[in-house]
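Protein chains: 2
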Amino acid sequence: MDENTLTIILVEPQLGQNIGAVARAMLNFGLTDLRLVRPRDGWPNPEALPLAAGADKILENAKVYPSTLEAIGDLNRLFATSNRTPDMIKTIYTPKLALQQLISTAQHNQKVGVLFGGERCGLKNEDISLCEALIKIPTISNFSSLNLAHAVVLVAYEWFAQTSSTSFEFFRTGRTRLARREDLSMLFAHLEKELERTGFLRHHKKRATMVRNIRNIFQRAHLTEQEVRTLRGIIRSLTGNQLPSQKKAS
Amino acid sequence: MDENTLTIILVEPQLGQNIGAVARAMLNFGLTDLRLVRPRDGWPNPEALPLAAGADKILENAKVYPSTLEAIGDLNRLFATSNRTPDMIKTIYTPKLALQQLISTAQHNQKVGVLFGGERCGLKNEDISLCEALIKIPTISNFSSLNLAHAVVLVAYEWFAQTSSTSFEFFRTGRTRLARREDLSMLFAHLEKELERTGFLRHHKKRATMVRNIRNIFQRAHLTEQEVRTLRGIIRSLTGNQLPSQKKAS
Chain A
1 MDENTLTIIL VEPQLGQNIG AVARAMLNFG LTDLRLVRPR DGWPNPEALP LAAGADKILE
61 NAKVYPSTLE AIGDLNRLFA TSNRTPDMIK TIYTPKLALQ QLISTAQHNQ KVGVLFGGER
121 CGLKNEDISL CEALIKIPTI SNFSSLNLAH AVVLVAYEWF AQTSSTSFEF FRTGRTRLAR
181 REDLSMLFAH LEKELERTGF LRHHKKRATM VRNIRNIFQR AHLTEQEVRT LRGIIRSLTG
241 NQLPSQKKAS
Chain B
1 MDENTLTIIL VEPQLGQNIG AVARAMLNFG LTDLRLVRPR DGWPNPEALP LAAGADKILE
61 NAKVYPSTLE AIGDLNRLFA TSNRTPDMIK TIYTPKLALQ QLISTAQHNQ KVGVLFGGER
121 CGLKNEDISL CEALIKIPTI SNFSSLNLAH AVVLVAYEWF AQTSSTSFEF FRTGRTRLAR
181 REDLSMLFAH LEKELERTGF LRHHKKRATM VRNIRNIFQR AHLTEQEVRT LRGIIRSLTG
241 NQLPSQKKAS
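As they're listed, the protein sequences go chains A and B.
Its first residue numbered 1, the first sequence is counted upward by one per residue in our numbering.
Its first residue numbered 1, the second sequence is counted upward by one per residue in our numbering.
Note that these hints are calculated values from the structure, not bench results.
Watch out, some of these pointers could steer you wrong.
Partial list, computed: chain A residues near chain B (C-beta under 10 Å) [what the hints assert, rightly or not]: (1) Leu27; (2) Gly199; (3) Phe200.
Computed cross-link-like contacts, DSBU-like style, restricted to lysine-lysine with a CA-CA straight-line distance of at most 30 Å [to be verified]: (4) B:Lys193 with A:Lys96; (5) B:Lys63 with A:Lys96; (6) A:Lys90 with B:Lys111; (7) B:Lys96 with A:Lys96; (8) A:Lys57 with A:Lys90.
In this text the structure is predicted, and so the values were computed from the model without any measurement.
Note that beta-carbon positions come from the ideal geometry of N, C-alpha and C, so glycine has one too.
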């Protein structure tokens, strides 16, 4: 279904390399509908291919239009990107807020798109007036001109971040599980027994604080089951205290 | 103060163009500390300059190191970017969450950085093991390799979005103010009077609904004071009903 995507329209893009980089970024974030209005060097442009880095389909399916008006006819909502604030009465959104709006419209099976201007001077006011609102990417004020593909990257990233069900805000890789608290307690008991024996904890007054600090080091490390076993092996090894039964078991 | 920035470290970057694009993206988002570990084509690299698009200072001040270890010595926290999930016990964050953490550390005057691998195959496991956690940019699963500069763009953008006090989540451009509700009421009264007179509202049963629908059109438009004056001028013009006194006043 075409309706659940974001159309990217480049108006008078100049460099084939940038169009290729745009295609790559679009596909990274699951977008496929690329439209070109009067690309300076014609189309297709062989210079786009290397930068697409495998997103060839996006380039092959890109549609070319003689005017912005013809490129946007089927869209229900259209935002323009600009790093200037033209002297027009237009609402300006951050990419995040703009995409919130476009996504909620797309989810009701309506077509949405974003317009990007060419490398040299961005969108003309005439093109901006075809759009309902502006997207301005927050930058430092005295160096605000973004590379064309970089602007597309940020818009496509916000689209994907807000639509994908990827919920890996925080997870751990590897196949083992986090250690149980019991494993940690046994590690601490083992370590503290050896530190006691070797005299590290001989200052009676400081003992409680030292033990707490040492435990905190390992608490912060979010140890896995395997890592606890490894640490206990290290303690045994450092103390030359490996029991014959444990040697057999390993 | 150097402490309140994010250091960008590129490990074995290949293309000068990408290094230039990285410099541009860094400066767009207020970052200045670029470090290069064994850049393939040596340094300085004239191919970086055009893509930097004016961010020449970032390139001039870039420091080159023979090893990752030497490049990161002064940093207090370091995250690695990767689009693979290496078989290591490492926490993986989205750019958003990773930057939240790095920013809160930087705000306590400690130095933070992010490591990016080369174009061909990203960071080696050896480099990743020097970092406390991974940043994985959410992408579609079967086309997940981002352009090097694009990855830097996204990290730098999240840094800036979370640190800058730019609060333009929603504002309007242009110098006029939004119309007062009273101005709108007068516009509606004017329009409805004329629609009554010209017969548009002659269906008595439908009248209330029609009036409501017309009002809603203009409510949604968030009209400014000037736009209300313009619309009233349009009504007068369309009805050929321009009063001599108003002609004088305009």
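Now the hints, each set against the structure:
1. With 10 Å as the threshold, the beta carbon of Leu27 of chain A comes within range of chain B, its nearest partner Cβ sitting at about 5 Å, so the hint holds.
2. A least Cβ separation of about 33 Å between Gly199 of chain A and chain B goes past the 10 Å threshold, and the interface hint is therefore violated.
3. The beta carbon of Phe200 of chain A comes no nearer than 27 Å to any beta carbon in chain B, farther than 10 Å, and the hint placing it at the interface is violated.
4. The straight-line distance between the Cα atoms of Lys193 of chain B and Lys96 of chain A is roughly 43 Å, outside the 30 Å bound, and the hint therefore fails.
5. Pair hint Lys63 of chain B plus Lys96 of chain A does not hold up; C-alpha atoms about 34 Å apart against a cutoff of 30 Å.
6. Annotation: proposed proximity of Lys90 of chain A to Lys111 of chain B is violated, straight-line Cα distance about 40 Å (limit 30 Å).
7. Simply put, Lys96 of chain B and Lys96 of chain A have alpha-carbon atoms about 12 Å apart, close enough for the 30 Å limit, and the pair holds.
8. Pair hint Lys57 of chain A plus Lys90 of chain A does not hold up; C-alpha atoms about 35 Å apart against a cutoff of 30 Å.
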